[in-house]
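**Student:** Chains A, B and C supply the protein sequences, listed in that same order. Under numbering that gives the first Met the number 0, the first residue of the first sequence is numbered 0, with each subsequent residue one higher. Under numbering that gives the first Met the number 0, the first residue of the second sequence is numbered 0, with each subsequent residue one higher. Under numbering that gives the first Met the number 0, the first residue of the third sequence is numbered 0, with each subsequent residue one higher.
One should not assume that every hint holds.
What the hints assert, rightly or not - Taking lysine-lysine and the BS3-like style, the derived pairs with C-alpha atoms no more than 27 Å apart in a straight line are:
no., chain 1, residue 1, chain 2, residue 2
1, C, Lys747, B, Lys299
2, B, Lys333, C, Lys437
3, B, Lys38, C, Lys72
4, C, Lys736, B, Lys333
5, C, Lys455, A, Lys91
6, B, Lys280, C, Lys604
7, C, Lys645, C, Lys736
8, C, Lys134, B, Lys38
9, C, Lys159, C, Lys604
10, C, Lys503, C, Lys455
11, B, Lys333, C, Lys747
12, C, Lys31, B, Lys38
13, C, Lys467, C, Lys645
14, C, Lys467, C, Lys237
15, C, Lys159, C, Lys455
16, C, Lys392, C, Lys306
To be verified - Facing chain A, from chain B, some residues (calculated, C-beta under 8 Å):
no., residue
17, Tyr5
18, Thr31
19, Asp35
20, Val41
21, Arg43
22, Gly99
23, Gln100
24, Asn251
What the hints assert, rightly or not - Here are some of the chain B residues that sit facing chain C, going by a computed Cβ distance under 8 Å:
no., residue
25, Arg116
26, Tyr118
27, Ala124
28, Thr125
29, Gln137
30, Leu229
31, Leu233
32, Ser234
33, Tyr235
34, Ala236
35, Phe306
36, Glu309
37, Leu310
38, Arg313
39, Arg334
40, Ile335
Calculated directly from the structure, the hints in this document are not laboratory data. Glycine is no exception: its CB is placed at the ideal position from the N, C-alpha and C atoms.
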Amino acid sequence: MLIDSGSPGAPATIGISLTINGEVRELQVAPWTTLLDLLREDLDLTGTKKGCDHGQCGACTVLVNGTRINSCLALAVMKDGAEIVTVEGLAKHAGQDGAMHPLQAAFVERDAFQCGYCTPGQLCSAAGMIAEGHATSREEIREAMSGNICRCGAYTNIVDAIEDVMHAGAAR
Amino acid sequence: MNRFDYVRPTTVEEAVKAIGSAANARFIAGGTNLVDLMKYNVERPERLVDITRLPLEGIEEHEGGLRIGALVTNSTLAYDERIQNRYPLLSSAILAGASGQLRNAATTGGNLNQRTRCYYFYDEATPCNKREPGSGCQAIGGVNRIHAIFGTSENCIATHPSDMCVALAALEAQVRVTGPGGERRIPFAEFHRLPGDTPQYDTTLKADEIVLSVDLPDEGFAGHHTYLKLRDRLSYAFALVSVAALVRLDGNTIGEARFALGGVAHKPWRNAEAEAFLTGKPATRESFEGAAEIVMREAKPQSENGFKIELARRAIIRGLTQAASGTPQSQSDKRIA
Amino acid sequence: MANSISSTGTDSFVGTARSRVDGPAKVTGQAKYAGEFTAIDLAHGYVVSGGIAKGRITAIDSAAAEAVPGVLKVFTHENRPRTAWLDYNYQDAVAPPGSPFRALYDDRIHYSGQPVALVVAEDFGTARYAASLVKVAYEAEEPLTDVERQREFGYEPPKKRGGIKPPPKPWGDADGAFASAPIQLRGDYTLAVEHHNPMEPHASTVVWDGDGAITVYDKIQGVSNSQGYIAGVFGMDKDKVRVLNPYLGGGFGLGLRPQYQLFLAVMAARELERSVRVTLTRDQMFTFGYRPDVRQTISLGADEGGKLRSIKHDALSGTSRFEDYQEVVVNWSAILYGACENVSLDYKLTQIDTYTPADMRAPGAVTGVFALEIAMDELAYATGQDPIAVRLKNYTDRDPTEDKPFGSKALRACYEEGAERFGWSERNPEPRSMRDGKELVGWGMATGVWEALMQKSAAQATLTVDGKLVVGNSTGDIGTGTYTILTQIAADTLGLPMEDVTTKLGDTDLAEAPVAGGSWTAASSGTAVMKACRKIAADVFAMARAMDDSPLANVDLERVVFTGGRIEVAGDPSRSVSLVDAMKAAGIDKVEATESAGPDAGHMKEFSSYTHSAVFAEVKIDEELGQVRLTRIVSAIAAGRIINLKTARSQILGGVVMGIGSALEEESMLDHTVGRFMNHNFGEYHVPVNADIHDIEVIFVEEDDKANPMGVKGLGEIGIVGTAAAIANAVFHATGKRIRDLPITIDKIIG
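So here's chain A without its partners, still in its complex pose (with noise of 0.2 Å):
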């Protein structure tokens, strides 16, 4: 056995190690803790946004070990030794520190985004679905970002922005 918490119902923490945005952080935290919560509440980035908790809007999409999923879903304990890049982190991520990361300026220019708060979500799994490869057409971008509710319908200038990254990295 790797790690038991010991007893039922006892507050015990248990130490795990992160990399977040590119920092090591040694972390004591208890099972029941997402890393959602981990993120926005203990370590407060807040970048990454609850819109659901339960899966069903994207808005807390992080990349672990380089893989879009919901941080909500994800119990921090259980991603013990993972790399973890928020929106905070993006840009750096892909060598961009100082500046924005592609996307991020995409979305800018696109005004791929209203009211803000589903965007990092929409960042980072856009980030994630460029990683994997397997949409290039419009069509299959649309399907690929289908986990990622805008509520504000900005879903347009989202392909959009996408779009302008895919092309410019093919032209690279």
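On the provided structure of chain A, position chains B and C as indicated by the hints.
**Tutor:** Just chains B and C now, kept in the frame of chain A:
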């Protein structure tokens, strides 16, 4: 969300031991359904057994087919080249479900064990025999347009929500499990069950058993398959009705046809009589209508879901047409083939 | 274009496409929302929601919750602190008439999901866990939540809601004219109950400042409303209550009124004398306002040529037992087609056991116009006319409900330009006549209309000697682009680059402005900012002219222009003074101004003000399987002058997408036995996702309006109005099936 203790075994033996060590322990891997249910207080495990470190992540050749480890994520499975080439139905069904993010986290074993999306099951404030046996079923006579039309009981009319499982039912996969009583293989049709008097049980998996793999047989019907899903929006929604169809043709004659329905019952719904009816028939609309007719004889509507009977009938016909004509449904091009 | 803001006669920023000034903060995660501010020793509240719709609480057992280490207190009706007892004190600035709901007030249960306890703990996880241990026992009564079954109790609201015009008195003889009309159409129309579901759940962070003072970060569309509410309910001086909300994660009307999480957070903070945050869950977002359940009947009588002889539009709207929620539902029939000589409009309420409905994007207009514009499509088919032609035949340049001409109404241009862009002339009007492969193709259109409003607003501006300008007021940027357009307006007014202007919003310490709603913010706050900047311009000009050997000596304010940070004699750039130099010469380090703007009473007396649109929709339908794909929308908008082409377009896109939701997906499903909305989550309450949305084209037609100095009318709502009808009409064109009951889901297509 209740409080629980947490263990993280590294071997299957440790995991099985751990699950038996608390009265109400649960395995957790992707967490995409269990954490969701825990936040609603529907699941209140005393112990979570984190199985993500178990060596169950591979997809291997096995007895002419493929053995899919229980921890293989939905995304990995859907995009695996062997799956796409030999079992394209499975790939398509997985991609019809959930979202990119959820598929990246959700696992094969977890998908098999996901629970219904019945509103009442999720809502502590209402009675539900599945959540709280004996409390009653408020969905009967309530808001039930998403509920079952086959195999219901007076205790429960919930549906099984998975897309992947509908494909696995049609493919006749086997579920390999192990527990204190040793390893066994459960034919897919016997893995999920009907609610009857005990709707609290979704599957025949014992509480102390763990899913090791899903084993696919050699026949994948790669040439003639489809997964057709109908829902309330074009993505990221559970099926009102879905159909996984597989056909083997000898010329224009049906050598073998299999089809399973999703969104209509407590388990992926197959009908042996309807499938047998198709054997030896020409691959025409008339034949497909005949098969659909046989299936729908058993359908029983609730107060708000009568439309599912006609929708399922039409979906069967279209699904079989798509499979027979070799024009499977795309999951990104939303025009229905 | 008329109405330039810049003294040069040509605006540099207003009227152009500009990226949001708050964009970088939003895309980098730096923008903080109400539930994201923190404080020393912040405690966390978690709401326990009630499980029955009607009755009373007989017992609450919170012992187990209180025993959890880290729990500070469990608040219930039994131990809540005293608050005001007069309804008046609970009525916020936009409350409808009635007795506002009071959380934890007594043992009565008024609706399902009502908060029955608040658990406050040291951390969020503990509060949530402890909340699951609170046991509540009820004595339940049978709830009545079906509007149709409450029809016999319909009534005209005795007390009218401020700002909501009741239906005009009938004119002519609508029944008689209908009976004798050659063409008679009558239909019942329903739009499902919708919940706003902004992405950000409601949240309030109350920071205990000590000494009885609090700083509150509240999810609200206008902080002054929360401030007034807190002062009223808790008997606090307003100067002890500062409310901020710099960013709002979507409101759509749900953020107009202070909601129960604010009450609970302030109550707990005062009682515990420490900072408290309460954030609602997504499910709890279904436990207060919603777009009401309105049952409508429209009767149109017309001659064979499609000219209307009679309009009857009746609506029965659900409201709560405790407030008479009202919106304008039926008046639109007269506003659009009231040239008709016989018109009868009726709007009644009936009470059900739910929370009070809330304004939701274009409240009333979405509901009324969806029905009206389907009825007009039916009229077109009944008389063999083109849908645009039949609308033009009944076009009016006067608002018969007020007996005034419209200040401007470029609706004809919307029809023309929209039709042109859509390719409407290629349409074969015959239903089921157009196909694309397996799919039936449908083209439909509809008209949209919304009020062009202004509200009295103040704004302030401060120019500092470094040449930087700060403007702002207390209104909120609800995603509409207010930060950006106010920056543009200020920059053009004072001739500064946008980079030198900062806009501050959402803070009760700033000049007072009303809630952001009703599409009035651009006109109201924009005009106020312009006036404050003009005051600064005049003041600095006076300083410039008073300089020794001033190049502007003997020149009047009317003869100078403000450009490039300088004051220049018009037509003679060689004679100029920089704003900074003028201030330095005067020996001051800043110039401040606060100005107010309000509706132009003279203009209002003479004219009616509305925005209009023409919406064109294309659907492709697999008829056998009932799947509708919305493949194209063209929305042509007449809304006066457009300040920012980029954010304006986005506002229309957003309205259209929400309209698509209304037409095809959104439906809150009540179980009338338990009186509860059952699909209370994002998985089962379907809003459009990316895959649902294809091409949307937005056209702004030229429209010169004089209701305010900028010629601005507002854009927040017009994009949604009419969209659902255009889609429903397209579905009819595709299938020949007339669906008057939205949303148009698979079952209705195959049924």
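**Student:** Each hint should be assessed against the structure and marked as holding or not.
**Tutor:** Consistency of the hints with the structure:
1. Lys747/C - Lys299/B: holds, 19 Å
2. Lys333/B - Lys437/C: Cα-Cα ~12 Å, so holds.
3. Lys38/B - Lys72/C: holds, 21 Å
4. Lys736/C - Lys333/B: holds, 22 Å
5. Lys455/C - Lys91/A: The given pair, whose Cα atoms are some 45 Å apart, is violated under the 27 Å limit.
6. Lys280/B - Lys604/C: Given pair Lys280/B, Lys604/C is violated - Cα atoms ~78 Å apart, limit 27 Å.
7. Lys645/C - Lys736/C: violated, 37 Å
8. Lys134/C - Lys38/B: holds, 17 Å
9. Lys159/C - Lys604/C: holds, 21 Å
10. Lys503/C - Lys455/C: Status holds; Cα separation ~18 Å.
11. Lys333/B - Lys747/C: Between Lys333/B and Lys747/C the Cα gap is close to 19 Å, so the pair holds against 27 Å.
12. Lys31/C - Lys38/B: Judged against 27 Å, a Cα distance of about 25 Å means the pair holds.
13. Lys467/C - Lys645/C: Since the Cα atoms of Lys467/C and Lys645/C sit roughly 25 Å apart, the hinted pair holds (cutoff 27 Å).
14. Lys467/C - Lys237/C: Measuring from Cα to Cα gives roughly 30 Å; hence the hint is violated.
15. Lys159/C - Lys455/C: holds, 21 Å
16. Lys392/C - Lys306/C: The hint holds at about 6 Å.
17. Tyr5: Status holds, d = 4 Å.
18. Thr31: holds, 5 Å
19. Asp35: holds, 5 Å
20. Val41: violated, 11 Å
21. Arg43: Violated - the Cβ of Arg43/B stays beyond 8 Å from chain A, reaching only about 11 Å at its closest.
22. Gly99: holds, 5 Å
23. Gln100: holds, 5 Å
24. Asn251: violated, 32 Å
25. Arg116: holds, 7 Å
26. Tyr118: At about 4 Å, which falls below the 8 Å cut-off, the nearest Cβ of chain C leaves the hint on Tyr118/B intact, so it holds.
27. Ala124: Result: holds, 3 Å to nearest chain C Cβ.
28. Thr125: holds, 6 Å
29. Gln137: OK, holds: Gln137/B within 8 Å of chain C, min 7 Å.
30. Leu229: Holds, about 6 Å.
31. Leu233: holds, 4 Å
32. Ser234: holds, 4 Å
33. Tyr235: holds, 5 Å
34. Ala236: Ala236/B check passes; min Cβ-Cβ to chain C is 6 Å, inside 8 Å.
35. Phe306: OK, holds: Phe306/B within 8 Å of chain C, min 4 Å.
36. Glu309: holds, 6 Å
37. Leu310: holds, 6 Å
38. Arg313: Arg313/B check passes; min Cβ-Cβ to chain C is 5 Å, inside 8 Å.
39. Arg334: holds, 7 Å
40. Ile335: Constraint on Ile335/B satisfied, holds at 5 Å.
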